[in-house]
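Let the hints inform the model, and build the full structure from the sequences given.
Number of protein chains: 2
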Amino acid sequence: MKKLINDPLKVADELLEGLVEAYDGQCEKVGTRSIVKKEIPDGKVALLVGGGSGHEPIYHGLVGTNLADGAACGDIFAAPPPDIVLEATQAVDRGNGVLYLYGNYAGDVMNFDIGAELAGDEDIEVRTVLIWDDVCSAPPTEKAKRRGIAGLVPIVKMAGAASQTAKTLDELEAAAKKAVLHTRSVGVSMAPGSIPATGKPTFEIDDDKIGLGMGIHGEPGVGEIPMAKADELTPMMLDLIFKDFEEDAEIDALAEGDEILLLVNSLGATTMMECLICLRKAKAYLADKGVAVYDTMVGPLVTCQEMAGISFSITKLDTELKGYWDPPCESVCYTKL
Amino acid sequence: MKKLINDPLKVADELLEGLVEAYDGQCEKVGTRSIVKKEIPDGKVALLVGGGSGHEPIYHGLVGTNLADGAACGDIFAAPPPDIVLEATQAVDRGNGVLYLYGNYAGDVMNFDIGAELAGDEDIEVRTVLIWDDVCSAPPTEKAKRRGIAGLVPIVKMAGAASQTAKTLDELEAAAKKAVLHTRSVGVSMAPGSIPATGKPTFEIDDDKIGLGMGIHGEPGVGEIPMAKADELTPMMLDLIFKDFEEDAEIDALAEGDEILLLVNSLGATTMMECLICLRKAKAYLADKGVAVYDTMVGPLVTCQEMAGISFSITKLDTELKGYWDPPCESVCYTKL
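Protein chains in written order, with my numbering: chain A, 1 to 337; chain B, 1 to 337.
No wet-lab data here; the hints were simulated from the structure.
Hints should not be assumed to be uniformly reliable.
Stated by the list, open to error - Straight-line distance between alpha carbons at most 30 Å, and here's what the computed DSSO-like set of lysine-lysine pairs gives:
1. A:Lys200 <-> A:Lys145
2. B:Lys2 <-> A:Lys2
3. B:Lys322 <-> A:Lys289
4. A:Lys2 <-> B:Lys243
5. A:Lys167 <-> A:Lys29
6. A:Lys38 <-> B:Lys336
7. B:Lys178 <-> A:Lys289
8. A:Lys336 <-> A:Lys29
9. A:Lys336 <-> B:Lys167
10. B:Lys289 <-> A:Lys200
11. B:Lys38 <-> B:Lys322
12. B:Lys2 <-> A:Lys243
13. B:Lys229 <-> B:Lys209
14. A:Lys10 <-> B:Lys200
15. A:Lys178 <-> B:Lys336
16. A:Lys229 <-> B:Lys10
17. B:Lys177 <-> A:Lys336
18. A:Lys38 <-> B:Lys289
19. A:Lys336 <-> B:Lys29
20. B:Lys177 <-> A:Lys167
21. A:Lys178 <-> A:Lys336
22. A:Lys322 <-> B:Lys336
23. A:Lys229 <-> A:Lys289
24. B:Lys322 <-> A:Lys38
25. B:Lys209 <-> A:Lys229
26. B:Lys243 <-> A:Lys229
27. B:Lys209 <-> A:Lys322
28. B:Lys322 <-> B:Lys243
29. A:Lys10 <-> B:Lys167
30. B:Lys229 <-> A:Lys29
31. B:Lys167 <-> B:Lys178
32. A:Lys200 <-> B:Lys209
33. B:Lys177 <-> B:Lys38
34. B:Lys178 <-> A:Lys10
35. A:Lys289 <-> A:Lys209
36. B:Lys29 <-> A:Lys229
What the hints assert, rightly or not - Reference listing, derived: stretches of chain B covered by chain A, where coverage requires no fewer than 3 residues with Cβ under 8 Å from a Cβ of chain A:
37. 3-14
38. 42-56
39. 230-238
40. 271-278
Even glycine gets a Cβ: it sits at the ideal position worked out from N, Cα and C.
This is the structure we're talking about:
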């Protein structure tokens with residue numbers, strides 16, 4: 001791959017410096033590898049996100065107005081180590097507790113948990129909400145095994161709005177948990193991205209196959225299926241999301257009259273053209289089911305380098321979640337009026 | 001290429017349907033292949049953009065709040081024919097004239113000009129401003145030969161804001177011309193995108209070469225240079241923009257104390273990671289020159305399918321242009337608070 005980088009071992013540090021610059025003064029780099037908003041009001045319940053680098057514009061690009069207060073940034077496809085989690089926690093803390101909100105991967109959980117312990121030693125109260133929107137990574141009875149994928153964008157958007165008015169860490173934790181419970185995703189991969197340090201692909205897949213439910217690093221999902229047309233693949237993917245809402249005892253099935261958020265995400269090299277063609281079919285599918293789209297997001301928000309692939313995320317809305325969705329937000333990753 | 005499409009000959013039509021859906025009711029499809037805002041006030045001086053499809057999210061994704069009123073959409077990499085330009089013109093016209101604002105390509109100019117004549121026959125007054133920000137496509141003394149590339153995003157943003165308050169077509173034309181005069185870009189390509197109908201690449205380039213100043217379809221620029229590091233290539237590209245402002249008799253050179261807009265654009269497969277690493281170096285370069293960045297845009301806004309490449313665009317600001325930049329805007333392509 002012809003990548004425009006400098007030292008392949010320094011990409012995570014250099015991209016973070018660039019990300020801070022993209023905020024034109026609203027954010028700053030803190031410590032080894034954290035990005036934090038400059039203005040966080042005293043007493044605010046803080047929202048901290050984070051995870052591996054290489055998936056830009058998430059996670060670190062979700063710091064911003066009415067979004068996260070900071071992000072703890074790992075190396076490429078690697079969790080942030082505990083000292084980085086701690087430095088970010090200290091930088092966002094305003095005396096009223098810090099909520100960690102990040103994707104459910106073993107490495108992230110281990111490192112954020114140690115970071116939380118270290119923060120506890122500094123008398124900072126921390127609570128954790130894991131994002132597990134990928135319905136193909138485990139059945140609804142085993143949500144603790146599910147991965148977090150693109151659904152993290154609407155989830156962090158809603159938690160970010162909730163954090164502006166939350167009086168307590170309990171309140172923000174409850175809002176974030178609800179946003180997670182209501183958000184489900186399905187992804188496919190057609191071709192891998194490459195690891196900047198080695199130039200090697202993150203996985204292999206035949207030219208005539210699609211990885212259905214494959215994770216954003218190439219983790220196994222439902223299995224491989226033959227390459228399909230947009231209008232065949234889209235309903236197949238949305239069926240899996242509808243089935244998951246139906247089979248999950250913790251939430252009602254998606255039904256006629258429901259309102260949802262819809263995110264069509266590109267994993268990198270998949271063009272906006274393809275996303276829009278899939279979006280067209282998704283809207284027709286949803287209209288057939290009588291499910292109304294309250295707001296649509298589309299584009300490369302959660303990527304894995306130049307991976308080719310797409311995902312759909314659906315958030316089932318109610319009055320509370322709409323209240324978290326409606327306020328404007330601004331960041332490098334996602335902005336809405 | 002494993003593209004998620006249906007009929008390769010219908011991609012332009014289907015992506016437009018998807019784009020309309022992405023607006024959740026704010027825009028509608030009009031006629032054969034135009035997208036138009038639903039609410040355009042009576043008497044508004046209308047702003048119409050357009051061009052070939054396949055470069056999503058532009059041009060058609062720049063229709064929106066405080067942006068363009070409509071777009072005339074061509075087939076993949078092809079200008080919209082005159083009947084589509086006419087249908088879009090009629091749909092955005094509110095009795096006070098229509099400004100055409102689009103990239104300077106021979107096919108687009110021919111088709112929009114015929115469309116303008118047809119609109120004249122319907123008593124709609126039309127004026128045209130061409131976008132020619134690509135400094136590598138011709139010297140400053142031959143601007144009529146220059147192509148329009150990613151600089152169109154800040155230009156349409158500023159013209160869109162100007163169109164909200166312009167009393168006359170003259171006034172909007174003058175604002176758009178000024179935004180064009182003040183905006184310059186330089187791009188590079190590392191690898192081609194492919195044409196959806198054929199799967200064929202739009203151009204060829206050696207694995208160890210970069211096309212400096214190459215156009216977004218692979219048109220010739222300054223020439224091929226060896227593959228370079230981000231920190232080597234970035235100043236080389238910005239030097240060309242600074243040199244162009246210096247050599248152009250129509251505008252002052254970029255000088256210490258100037259304020260600019262900076263856009264770091266990915267042509268498709270180039271990752272946000274790479275854009276941010278280049279942005280980091282660009283900000284250091286600009287700081288050295290004493291030029292202040294008023295606002296930064298970064299991401300895949302002007303693409304050519306899965307082309308690998310990057311461009312920098314600089315808009316030299318003054319009080320008038322800042323006034324057009326500051327208002328919020330919202331669209332599928334670009335949103336700011």
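These are the hints, each one checked on the structure:
no. : hint                  : verdict
1   : A:Lys200 <-> A:Lys145 : holds, 27 Å
2   : B:Lys2 <-> A:Lys2     : holds, 20 Å
3   : B:Lys322 <-> A:Lys289 : violated, 46 Å
4   : A:Lys2 <-> B:Lys243   : holds, 27 Å
5   : A:Lys167 <-> A:Lys29  : holds, 27 Å
6   : A:Lys38 <-> B:Lys336  : holds, 19 Å
7   : B:Lys178 <-> A:Lys289 : violated, 49 Å
8   : A:Lys336 <-> A:Lys29  : holds, 24 Å
9   : A:Lys336 <-> B:Lys167 : holds, 29 Å
10  : B:Lys289 <-> A:Lys200 : violated, 38 Å
11  : B:Lys38 <-> B:Lys322  : holds, 28 Å
12  : B:Lys2 <-> A:Lys243   : holds, 27 Å
13  : B:Lys229 <-> B:Lys209 : holds, 12 Å
14  : A:Lys10 <-> B:Lys200  : violated, 35 Å
15  : A:Lys178 <-> B:Lys336 : holds, 28 Å
16  : A:Lys229 <-> B:Lys10  : holds, 13 Å
17  : B:Lys177 <-> A:Lys336 : holds, 29 Å
18  : A:Lys38 <-> B:Lys289  : holds, 26 Å
19  : A:Lys336 <-> B:Lys29  : holds, 23 Å
20  : B:Lys177 <-> A:Lys167 : violated, 50 Å
21  : A:Lys178 <-> A:Lys336 : holds, 21 Å
22  : A:Lys322 <-> B:Lys336 : holds, 21 Å
23  : A:Lys229 <-> A:Lys289 : holds, 21 Å
24  : B:Lys322 <-> A:Lys38  : holds, 24 Å
25  : B:Lys209 <-> A:Lys229 : violated, 34 Å
26  : B:Lys243 <-> A:Lys229 : violated, 48 Å
27  : B:Lys209 <-> A:Lys322 : violated, 50 Å
28  : B:Lys322 <-> B:Lys243 : holds, 23 Å
29  : A:Lys10 <-> B:Lys167  : violated, 52 Å
30  : B:Lys229 <-> A:Lys29  : holds, 24 Å
31  : B:Lys167 <-> B:Lys178 : holds, 17 Å
32  : A:Lys200 <-> B:Lys209 : holds, 20 Å
33  : B:Lys177 <-> B:Lys38  : holds, 27 Å
34  : B:Lys178 <-> A:Lys10  : violated, 41 Å
35  : A:Lys289 <-> A:Lys209 : holds, 29 Å
36  : B:Lys29 <-> A:Lys229  : holds, 24 Å
37  : 3-14                  : holds (count 6)
38  : 42-56                 : holds (count 3)
39  : 230-238               : holds (count 3)
40  : 271-278               : holds (count 8)
Against the hints set out earlier in the document, violations occur for numbers 3, 7, 10, 14, 20, 25, 26, 27, 29 and 34.
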